[in-house]
Amino acid sequence: MITYLEAIRLAQQKALATDPRVFLYGQDIGNFGGAFKATKNLSAEFPGRVLDAPLSEDAIVGMAIGAAIEGARPIVEMQFADFSTCGLNQIVNHAGTLFYRTGVPCPIVVRLPSGGTSGGGPFHSQSLEAIYAHWPGLVVVTPATVEDAYTMLLEAVAIDDPVVFCEHKFLYYHLKAETLPETSLPIGKARIARTGRDATVVTHGAMLHESLAAASELAEDGYQLEIVDLRSVKPLDTDTVLASVARTGRLLVVSEEWPWGGVSAEVISRVTTEGFGLLDAAPMRVNAKDTPVPYHPDLWSVHRPTASTIAAAARRLLDL
Amino acid sequence: MSKTIAPVTESDYLKAYRVMLLSRVLEEKLASLYRAGMIKGGVFLGRGQEALSTATGIHLRKGDIFAPLIRDQAGRLAFGDTVLDTLRTYLGSQLGSMRGRDGNIHRGRPRDGYYAMISHLGAMVPAVAGGLLARRLRGESGVVGATCLGDGGTSTGAFHEGLNAAAVDKLPLVVVVANNQYAYSTPNSRQYACADLLDKAAGYGIAGHKADGTDLLDCLQTLRKAIHAAREGGGPQLVVASLLRLVGHGEHDDFSYLDKNLKTSAVGADCLLVAEKHIVDQGWQTTDDLAEWRREAEQEVNSTADRVRREPSPDAEEDDWAALSRPEYREQFAAV
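Taken in order, these protein sequences are the chains called A and B. Take any residue in the first sequence, count from 1 to its spot, add 179: that is its number in the working numbering. Take any residue in the second sequence, count from 1 to its spot, add 947: that is its number in the working numbering.
Don't take every hint at face value.
[Claimed, not checked] DSBU-like, lysine-lysine: derived pairs with alpha carbons at most 35 Å apart:
hint : chain 1 : residue 1 : chain 2 : residue 2
1    : B       : Lys1117   : B       : Lys1147
2    : A       : Lys193    : B       : Lys1117
3    : B       : Lys1207   : B       : Lys1147
4    : B       : Lys1210   : B       : Lys976
5    : B       : Lys1117   : A       : Lys219
6    : A       : Lys355    : A       : Lys368
7    : B       : Lys1117   : A       : Lys216
8    : A       : Lys368    : A       : Lys219
9    : B       : Lys1207   : B       : Lys962
These aren't lab readings, by the way, just hints derived from the structure by calculation.
Produce the entire structure from the sequences given, and follow the hints as far as they go.
Put into structure tokens, the structure is as follows:
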């Protein structure tokens, strides 16, 4: 069985094997194979192309940008998404502006091991897709399945624009697949993960699986939730979301991010401005609590949305 | 490692002087256009830094990488930028390399190894290092990358991270620091506490070179040596030159904070005047010859400015407003 994490390793292996422009740069990713082993054995298989970096997120991203200008296709690993804020300037002000300013694209992939896990605490748990989506010039993806982790990473390497690749740590070992696909939906297209007639749940990342569990719970009561997995938050597939809301008339957005702004706010904004007449009830959302992500599992499991809080919100949305 | 480094000849010196002169004349024109309200945005001049900047740009070759900073008009011209594109960018011509999307010193042609700086100081240090890393991975050798910044820039995290990372990989990076005594209004006494910025080189395990930024000959010799050392595999080189920014931070700045004693100190000399005196003292050219060169430079700058002023501004209706290269990723946010 192939885990989500192994899919990410295999995608990097394939990118290195098939494209001589690709190289990997990041902390502890060489012989050690990375903090999560997402690059295990790759430095031995591709000598000189999987390079350990000093503990310098700004330099890691900045060097990737320079390399991309010279025609390379760097994949850089932030050890945790949380630490990407130390490289934020290069990501948003340099990579994100290069094409618009100079006409020269910036084909880098910045891998962000994202999201909460039990015991991760305030600085190893963050979901930062919304802040990167806020700046122009970046593609921000949030694969929620083993298959998407693989194909979207390969697609991220292939495209000319800078990609912030938000891979979810909670899914690293939890998700498994028999085989990996060669093709899939392109970046920018959402996927209906479960069809349903009563309400639309729009979500991404690890929250897809909590939402699917909530949908199973409601199905026992005879209510059908339609689950939309955004897959990429920028570009955001408004058409698929609106089409689903047109079928159900109700919208619940679930995101592991903090509530202020963010993907859930963006989805609700788009649906209310572009599809207000489709709604039979005010849209709702479920987010993490507006505090740092707590360390203790008993606090963390309440901080983040779960199947039960999503199901409870869905019941309120359905006036149950 | 090779070999002896060629000495700076009369011809080298005069060629560099003419770049300095053209830069000075061009910047005088920019200041004048600014006062006339014709510049879009700010004007930031490199007056007093032309010797150092020219010495950097002139020793780089086609195929090298150069990321100049705010006060490197001279180095830009030495590396191959033009009076035409400078004026186009400042005057906001649609035909400039930045097409009106960015302005003044934020210009470049990255595909030609001429990186376009972002305003966040130090950011270009790792970018040039990464460009050099990519060249190395491609099997190219003998390439050098240079980037410039001031005393203020050495206090940034990006400067530290980039230089350290480049040192770890022994990349052929030359970082040229113009210690011009002020970062905007902040004097060196509030910028760093080490005795000399050059001390930082030892901390990174790289070579350091000191230069007199007011003396073209010393700048040419020092940069020739530093760039040669990087090209020959000596790893990153840190050059620190002492000089004085002879103008405010930008043309909007009255420079009221200038310590007048600096003007009369060793760093306060005007490198262009020092070079002119050297040329005349050596008997290489007469003052009349130099005056003629200045007239030629003024003619080029003025005629180019006249031409650029007739060029179209960018058309907001024509701009594709695309920050991503892939058309299918462009979202429409406009409220209808």
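How the hints compare with the structure:
no. : hint                    : verdict
1   : Lys1117/B <-> Lys1147/B : 16 Å, holds
2   : Lys193/A <-> Lys1117/B  : 29 Å, holds
3   : Lys1207/B <-> Lys1147/B : 28 Å, holds
4   : Lys1210/B <-> Lys976/B  : 24 Å, holds
5   : Lys1117/B <-> Lys219/A  : 25 Å, holds
6   : Lys355/A <-> Lys368/A   : 22 Å, holds
7   : Lys1117/B <-> Lys216/A  : 27 Å, holds
8   : Lys368/A <-> Lys219/A   : 30 Å, holds
9   : Lys1207/B <-> Lys962/B  : 33 Å, holds
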